[in-house]
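Chains R and E, in that order, give the protein sequences.
Numbered per this note's numbering, the first sequence spans residues 2 to 496.
Numbered per this note's numbering, the second sequence spans residues 5 to 448.
These aren't lab readings, by the way, just hints derived from the structure by calculation.
Computed from a prediction, not measured in an experiment: that's the story for all the values here.
Note that beta-carbon positions come from the ideal geometry of N, C-alpha and C, so glycine has one too.
Any given hint might turn out to be false.
Here are some, though not all, of the chain R residues that point toward chain E, as calculated from beta-carbon distances under 8 Å [unchecked claim]: (1) Asp16; (2) Pro64; (3) Val99; (4) Ala190; (5) Gly191; (6) Trp198; (7) Glu346; (8) Pro347; (9) Arg370; (10) Val408; (11) Lys411; (12) Val412.
Mimicking DSBU-like on lysine-lysine, the simulated pairs with C-alpha atoms at most 35 Å apart in a straight line are [to be verified]: (13) Lys349/R / Lys101/E; (14) Lys101/E / Lys364/E; (15) Lys24/R / Lys364/E; (16) Lys134/E / Lys187/R; (17) Lys278/R / Lys134/E; (18) Lys249/R / Lys134/E; (19) Lys140/R / Lys187/R; (20) Lys24/R / Lys187/R; (21) Lys134/E / Lys222/R; (22) Lys180/R / Lys134/E; (23) Lys140/R / Lys134/E; (24) Lys209/R / Lys134/E; (25) Lys349/R / Lys134/E; (26) Lys249/R / Lys349/R; (27) Lys24/R / Lys134/E; (28) Lys209/R / Lys222/R.
Simulated restraints on C-beta separations [as the list claims (entries may be wrong)]: (29) Gln88/R / Leu8/E: 46 to 56 Å; (30) Ala108/R / Arg342/E: 33 to 43 Å; (31) Ser3/R / Ser25/E: 28 to 38 Å; (32) Pro112/R / Leu116/E: 26 to 36 Å; (33) Gly88/E / Glu237/R: 31 to 41 Å; (34) Ala448/E / Thr290/R: 38 to 48 Å; (35) Pro101/R / Leu339/E: 44 to 54 Å; (36) Gln404/E / Pro117/R: 34 to 44 Å.
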Amino acid sequence: MSKALVCPCEDVTLDDVEGAIAKGFHDVESIKRYTGFGTGICQGKSCLNTVAQVLARTPGVAPAAVLPFTPRPPLEPTELGVLAALQVDEAEAPSPGVPPFLGAPVAALRPEEPVPARADVVIIGGGIMGLALAHNLAKRGCTDVVVLEKDYLCAGASGRNGGGVRMQWGTEANIELAKRSVELMKQFAGEMGINIWLRQGGYLFLAKSQAIAERLERNAKLHNRHGVRTEILSPEAARELVPQLTLKDVALAAYHPEDGVIFPWPFLWGYAHSARKRGVRVETFTHVTGLLRSGGRLAAVQTDRGEIACQTVVLASGAWSPQVAQLAGVALPNQPHRHEILSTEPLKPFLGPLVSLLDSGLYFSQSMRGEIVGGMGDPREPAGLEQGSTLRFLGRFARALTEQLPVLGKVKVLRQWAGCYDVTPDNNPILGRTPGLENLLQMSGFVGHGFMMAPAVAERMAEWMVSGQADDLFSRFNLARFSSGTLEREDMIIG
Amino acid sequence: MRRLVPVPTEASVSVDFEGESVPARQGEPVAVSLLAAGHAVLSRSIKYHRPRGPFCLAAACSHCLMRVDGTPNLYACQVPARAGLQLQRQNSYPSAKVDVFHAIDWLFPGGLDHHAMFAGVPVAERVMVKVARHLAGLGLLPDGVPPQRQPPEVLQTPVAIAGGGAAGLAAAEVLSAAGVPFVLLEREEALGGRWRLGPPEAGAPATLTVGAQAGTVRLHTTVLGLYSDGRGRFLAAVATGRDAPRLLLVRAPRFLLALGGHAQLLPFIDNDLPGVFAGRAVSDLVRRRGVLPAEAPAVVGHGPELRGLVQLLTDAGARPALVLDTGPSPEAGALSGRVLEAHGRGRVQALSVEVSRRTKKKVSCDAVVLALPPTPAYEVACHAGAHTVFRPELGVFAVQADADGRTAAEGVYVAGDALGGTTAALAADSGRRAARALVREVAA
Chain R
2 MSKALVCPCE DVTLDDVEGA IAKGFHDVES IKRYTGFGTG ICQGKSCLNT
52 VAQVLARTPG VAPAAVLPFT PRPPLEPTEL GVLAALQVDE AEAPSPGVPP
102 FLGAPVAALR PEEPVPARAD VVIIGGGIMG LALAHNLAKR GCTDVVVLEK
152 DYLCAGASGR NGGGVRMQWG TEANIELAKR SVELMKQFAG EMGINIWLRQ
202 GGYLFLAKSQ AIAERLERNA KLHNRHGVRT EILSPEAARE LVPQLTLKDV
252 ALAAYHPEDG VIFPWPFLWG YAHSARKRGV RVETFTHVTG LLRSGGRLAA
302 VQTDRGEIAC QTVVLASGAW SPQVAQLAGV ALPNQPHRHE ILSTEPLKPF
352 LGPLVSLLDS GLYFSQSMRG EIVGGMGDPR EPAGLEQGST LRFLGRFARA
402 LTEQLPVLGK VKVLRQWAGC YDVTPDNNPI LGRTPGLENL LQMSGFVGHG
452 FMMAPAVAER MAEWMVSGQA DDLFSRFNLA RFSSGTLERE DMIIG
Chain E
5 MRRLVPVPTE ASVSVDFEGE SVPARQGEPV AVSLLAAGHA VLSRSIKYHR
55 PRGPFCLAAA CSHCLMRVDG TPNLYACQVP ARAGLQLQRQ NSYPSAKVDV
105 FHAIDWLFPG GLDHHAMFAG VPVAERVMVK VARHLAGLGL LPDGVPPQRQ
155 PPEVLQTPVA IAGGGAAGLA AAEVLSAAGV PFVLLEREEA LGGRWRLGPP
205 EAGAPATLTV GAQAGTVRLH TTVLGLYSDG RGRFLAAVAT GRDAPRLLLV
255 RAPRFLLALG GHAQLLPFID NDLPGVFAGR AVSDLVRRRG VLPAEAPAVV
305 GHGPELRGLV QLLTDAGARP ALVLDTGPSP EAGALSGRVL EAHGRGRVQA
355 LSVEVSRRTK KKVSCDAVVL ALPPTPAYEV ACHAGAHTVF RPELGVFAVQ
405 ADADGRTAAE GVYVAGDALG GTTAALAADS GRRAARALVR EVAA
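Chain E on its own, in the form it takes in the complex (with noise of 0.2 Å):
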């Protein structure tokens, strides 16, 4: 773990990690500085109190959750890191380091029932339903009451666009040239999201550039959901950034989703390790950050993501420990196979894989990155009433759309990695196909 870029005096900060100083770069995820100063266990899960550490950084799983100044459940992943930032770890006793809890964990090695455990047996019962109940929950309540908020800002447009990557990206740039006024939300604090941040691929768009004049682009917006009110259909959104937060609503006819995906986790035993990352996560970690999350990581995973890991984590200075092909149809001259464990105490030391069926290798490494396509972001989709699929060669479920990604819900298209994701290029060229078909329905 080390800093590639180091962090230039002006914008060098303190947090305080439970009475521990850690430098921080001003502004970057707090998650990002702790990795960076070296620890690697953020959280406690809920009921194995299992050490985990950062692994989307998309604020897409449970890893990084932690107490910020007084809050509970905030994603480290997304939380600026700002001077006196005071960050603890969350259920665990006495720390989070040595958590006596997690004697849950080697107890119940076979995992723990709660459906059949001392059910019916008569004092047992009783003090178990007490037990659990102090066991569970996550966080403390929070320490103070936030100010009142202010009321929903509202915008009407012709075409509301959820997400501003590759696909959301491109489609904008159609739109703006064809004249159609839109209204593009994106989550992060700039555009272009995969395209920019994660694994480099071959043959991805070089620029992609909206036109100011026809759209509005709001950065640090996060959709919520889909709904509908006696006015109509609307995008619900959360708008961040240096105000207060503060409710979004974009009432449109048409709407565009471009959410992307999810990272997905491979089911291999204790994959939940500090140390195994989501591919996009190191990408990100690496491109935008400046952080080298491991000198020899285990890179594992398929799909057009895997080759350009290991090309960016070579770059940056790391040497992989293994590269591991786990899909269907592996690359020719690929090692191939599947993952069996992670192993190490706190962090992952090494992984266990079978690269044949009576060969078994494991192999020393300070990180596991999981190269795997993302698992379509489908949700919006269906709270409008789009239908999915599932596809059994990629594992996941896609929004069903015809080729101009429009749904089965009248006005809602989908692009990108949510019709099921492979690459970019892709993403951007069904951006531009919905998009066109937008600008004929705008004009009809």
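Only chain R is shown next, with the shape it has when bound in the complex (with noise of 0.2 Å):
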């Protein structure tokens, strides 16, 4: 016994709370995924506080810089069944959503000391692709790396997305890239001391119509021919595997039990830790505000907190790129679009794989912690930098998941947020060099599968920049493509 609890419905104490801060997590959205505390059931009502008291002790810690974290609704826990009886428009497209997206970082978190006056790489965006990014080019040798991002880290869509990591893609780049990241993902909790509990349960995409069941069944084969073992399902089939399901109208299925669910922040916290100890500066709550440009390379970076004179930038801000971008002129013809998720109430482990009904962009999986985790595309959502949270998403997210497993109606839904999708035209990234801006390199256009795919990236991206030999990945996926190439589409996105 002998424990000071703070957050009893997740059994985090005041220790764990301490030892986060001591860690260097000095914001409450920090220590909240650090500890889990405010993620139970009663989403922090009776422990937020608590931990602001201690925060606000610590040493160095401003007043104004105690905030809480963002309330995420539903303020109870609420039913899916009552939540399925909203009606909902389809015509209309979905608001903005609550809270409202506030896109400026809160001044009182900023650090007072300034920036690195030069570095030879400044990496804008640290999302998993930046801090994946400079944890191999300090490994490589290259630590004189300064990491720029505006928030708390995982505050962009590697904080917000639903840890699916999955081998079964339209093109070959992309199996290739996915087999090698669940390889380093295998190896992570060994090199960086995190547990990132990888579950391999396996992804199983549901085809309704025929377009989509050809779909699945040729990219089944083209899995097979690169060692990906996907087997083509029929409904009854996949009803051995999560038996609660109705499969109502489902043609087929495809499943890969390689596939699983990964815990997305401690990625992100390892990385970030293992750059910093070689000596890469991961500066949070910094904002850039220009890209200097001088000649046909850009000179410096622009920040909040100083200017850094630079010798190569990676441009690394996933939905926010085209915005940064254009601060060096140049244009990207990414789209954020929002994706909306929402997670349940803690269940005994019942659901093996991660489901996915391509049709409508459903998907639901069941985290290390037992919640149904899931969230589903609208093809109502407008471009834009959005991030908050509709009821209309709940309506319609219950309403599509009831009807593939009837049983979660009576479980209750804890909190739903959003993320934002990088969108580019043929659903495949940006990587390499600017034309016309050659020290810029390009790491954005992810389409929602970035987190899966940045160990690979990373790992290929450092060594390219480090070595200087051709890799095909980054003329393949160049900017250039858009205006002279052929485009190659990845037709295996969810939502």
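Two chains, each in its own frame: build the complex with the hints.
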């Protein structure tokens, strides 16, 4: 016994909270993610203020920097069956949602000391891409690197995704990248000393329409050629994997048992910690305000904490990449698209694979903690940097989910949130040099699957940057393809 | 633990608690029935399998989550008792009374670091993922599929009020008098909140009544959030009561959020033992349910509710074993200090406190009552775009508002405990001020 509980829902103790603060997590959002406090059934009602009191006592933490975490609706656990009764006007576009999206960083959380005056490489964006790249560069001896993140680590899509990891893709390039990523994920805890909870329960894709069924069959053959043992299953065989599925109108399913889910947040902390240990500066709550051009190059990155003169700039800002590129006068074809997601009360394990219905963009899995985590694309979602939550999503998702898995009707939603897909015209990333601005390297456009690709992409990119040897990945997915090249479309996008 | 008011025969029912028949009063929360029958442990915690009993009785903790009639993770404090109801504790083996997994709690006295545990240890890491998956989660899947729920009810009003406590009620009174229509949503079976059921306070308003002519009051209606769509903003809520749960959407140009606050937990050792109660849970037990949760409780905390609770418990026949003011400015003559540790196996039997730098005391008691200011319910105001401020003197995040309760979000007002709780009288004052401002706005 002998534990002082701060968050009894998740059994988070006072020692856990003080430990996280001692590790350098000095904002409530980060402490929440690192300790898990406030993520249980009461959603922080009984613990948030206790954590704030502990943080407020910490030397160096200004009172204005003690801020609550973003309260996620709904306020009370809400039955999926009740939400499924919401009448949604499918013709109407979703609203921006709540809470209102505040794009600007919180000034009180910004460190006071200036950023380094110069660096070899400045990486803009402290998401999975930027941090994995920093780690891989540092491992190869390139340690004069600064990573700039405008918020806390995990604030962007890297901290907002469902943690899915799969090798079932529609193009050779993505299959190979995903295979390598899974290999690296298996080694992650050993190298970084932090668990990422990879659970290979498989991905079960369901198809209703003939076109999607044919796509799954075609892709399964491609997977098999690349050593990925995807099987095409009848609805009856799919039901053996998940007995509770109704499989209403489902024509067939594709299943690959080695796909799975991971816990996203520790990836970022692991990469950041490894990079910092080797001398990389990871600067959070720091906003890029300008990119200084000099001839055909970028000379410096301007921030709200000073200017960094540098040799190379990497743009790894996810859905914010077009905005940042604009600072250098570069137009990117990427468009941000909100994707909403939710999490339910924790249940004892019953669901092995992540299930996705490609026809509607519905997906759901059971996390290591037992929650059902899932989302669904909205065809009416306009382009834009929105990260608010809507009741419309709860209604649409609850209806679609309970149609496939009626046994979840009385299961309760605990929280909903949203993140942005970084969508490109061909659903493939933008990598390599920027035409006309040679030292600006692109690392964006991952259309909702950047998280699972990052370990492999960052490894290849660091090798390419340090060795200078040509790599097909950085020419094939170069920005120039949109004006001169041929586009190879990825068709296995959920949502 | 005893009933101050005997259960009348016509209201007397039995619920089934893991095969044992437990007497209950029809309609009272089953958590209360179990408490009154002497059952202290209602659940086991998620990670360390620590025994838990009711704490807040307001659906804002996790201590009373049970499987009820085949549905997992229901707040026993919100489930009305009726004959034959099936109640089971969760997350334990072979039983919640003797749970072998509680060994995790003893084996890891310093806590279990899930980030670093077995990280990178070849076989152990893989085994851990499997074991952890099977230990995780709380309840089992529900037994049944619910019937299809009715589509939402939609109401439109000039002013939507969330919460019918002292602040919401006082506001409704002003709006009624001015003839401004409103819709007021209240989670409980009756209006009044803390003013009716909290620790009695000197100077609390004697009566608060809502004139029926102007407003619509919906009881048993729990607010979920302040959302928006193409037609504007609305409060989303779930109405329960006698009927099956149903969504209610209240569309309005103006909102008054008076959702009160949540119970605070003091971080002392073994603060989650069964028998540690939030102050307002205790006043609710005594005033509404006629149940005295302890004969010799330790009452600790600060602020106006501390004295009120001691008085209430004493009047009900209890003899407080200890009254300790833990606040920064204790009342003259009060014993002051801080709480160190609760003791007991399966339920509170004693409390250790520090009353001066050198003096520690261990006091035998049969409950610990935490009389602390509530933590403001800031959530829904933030959904709308209001800001919060951390108030170090109270140790809470309060919603930022001007003297009339106007927040940074257009048309969104806040009153009562959400501003940083004090007394029912002040909560009512803030409700009245906000309502007057709303009346002026509607007229303009």
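How the hints compare with the structure:
Proximity of aspartate 16/R to chain E holds as hinted, the smallest CB-CB distance being about 6 Å (cut-off 8 Å). At about 6 Å, the closest approach between the beta carbon of proline 64/R and any beta carbon in chain E falls short of 8 Å, and the interface hint on this residue holds. Interface restraint check: valine 99/R against chain E, minimum CB-CB distance 4 Å, threshold 8 Å, status holds. Annotation: alanine 190/R was flagged as interfacial toward chain E, and the flag holds, the nearest CB pair being 4 Å apart, inside 8 Å.
A least Cβ separation of about 3 Å between glycine 191/R and chain E falls short of the 8 Å threshold, and the interface hint therefore holds. Look at tryptophan 198/R: its Cβ gets to within about 6 Å of chain E, closer than 8 Å, so that hint holds up. This hint holds: glutamate 346/R has a C-beta 5 Å from the nearest C-beta of chain E, less than the 8 Å allowed. Given hint, proline 347/R at the interface with chain E, holds; its Cβ is 4 Å from that chain's nearest Cβ, closer than 8 Å.
Here the hint on arginine 370/R is kept, as its CB sits about 5 Å from the closest CB of chain E, short of 8 Å. A hinted interface residue such as valine 408/R counts as satisfied when its beta carbon comes closer than 8 Å to some beta carbon of chain E; here the least separation is about 6 Å, so the hint holds. Using the Cβ-Cβ criterion of 8 Å, the hint placing lysine 411/R at the interface with chain E is satisfied: the shortest such distance is roughly 4 Å. The closest approach between the C-beta of valine 412/R and any C-beta of chain E is roughly 7 Å, which is under the 8 Å cut-off, so the hint is satisfied.
With a C-alpha separation of about 20 Å, the suggested pair lysine 349/R and lysine 101/E falls inside the 35 Å cut-off, and the hint holds. The straight-line distance between the Cα atoms of lysine 101/E and lysine 364/E is roughly 32 Å, inside the 35 Å bound, and the hint therefore holds. For a cut-off of 35 Å, the pair hint linking lysine 24/R to lysine 364/E stands: about 32 Å separates their Cα positions. In summary, the hint linking lysine 134/E to lysine 187/R is supported, as the alpha carbons are separated by about 15 Å, within the 35 Å threshold.
As the CA atoms of lysine 278/R and lysine 134/E are separated by approximately 31 Å, the hinted pair is consistent with the 35 Å bound. Distance check on the hinted pair: lysine 249/R and lysine 134/E sit about 31 Å apart at the alpha-carbon level, within 35 Å; holds. Under the criterion of a C-alpha separation no larger than 35 Å, the hint pairing lysine 140/R with lysine 187/R is consistent with the structure, at around 18 Å. Under the criterion of a C-alpha separation no larger than 35 Å, the hint pairing lysine 24/R with lysine 187/R is consistent with the structure, at around 25 Å.
As the CA atoms of lysine 134/E and lysine 222/R are separated by approximately 31 Å, the hinted pair is consistent with the 35 Å bound. Simply put, lysine 180/R and lysine 134/E have alpha-carbon atoms about 22 Å apart, close enough for the 35 Å limit, and the pair holds. Between lysine 140/R and lysine 134/E the alpha-carbon distance is near 31 Å, which keeps this suggested pair within the 35 Å criterion. At roughly 33 Å between alpha-carbon atoms, lysine 209/R and lysine 134/E fall within 35 Å of each other, so this suggested pair holds.
Proposed proximity of lysine 349/R and lysine 134/E is supported: the alpha carbons are some 13 Å apart, at most 35 Å. Pair hint lysine 249/R plus lysine 349/R holds up; C-alpha atoms about 25 Å apart against a cutoff of 35 Å. Between the alpha carbons of lysine 24/R and lysine 134/E the distance comes to roughly 28 Å, so the proposed pair stays at or under 35 Å and holds. Of the pairs offered as hints, the one joining lysine 209/R and lysine 222/R holds, with about 19 Å between alpha carbons and a cut-off of 35 Å not exceeded.
Judged by the Cβ atoms, the range 46 to 56 Å given for glutamine 88/R and leucine 8/E holds: they are separated by roughly 47 Å. Remark: the range hint 33 to 43 Å for alanine 108/R to arginine 342/E is upheld by a beta-carbon distance near 35 Å. Roughly 36 Å separates the CB atoms of serine 3/R and serine 25/E, a value that falls within the hinted 28 to 38 Å. A C-beta distance of roughly 32 Å is found between proline 112/R and leucine 116/E, which places it inside the suggested range of 26 to 36 Å.
Checked against the hint of 31 to 41 Å, the pair glycine 88/E and glutamate 237/R passes, with Cβ atoms roughly 39 Å apart. For the pair alanine 448/E and threonine 290/R, the supplied restraint of 38 to 48 Å holds, since their beta-carbon distance comes to about 41 Å. Against the hinted window of 44 to 54 Å, the Cβ-Cβ separation of proline 101/R and leucine 339/E comes to about 47 Å, which satisfies the hint. Our hint of 34 to 44 Å for glutamine 404/E and proline 117/R holds, since their Cβ atoms are close to 36 Å apart.
Consistency with the previously given hints is maintained throughout, with no hint failing.
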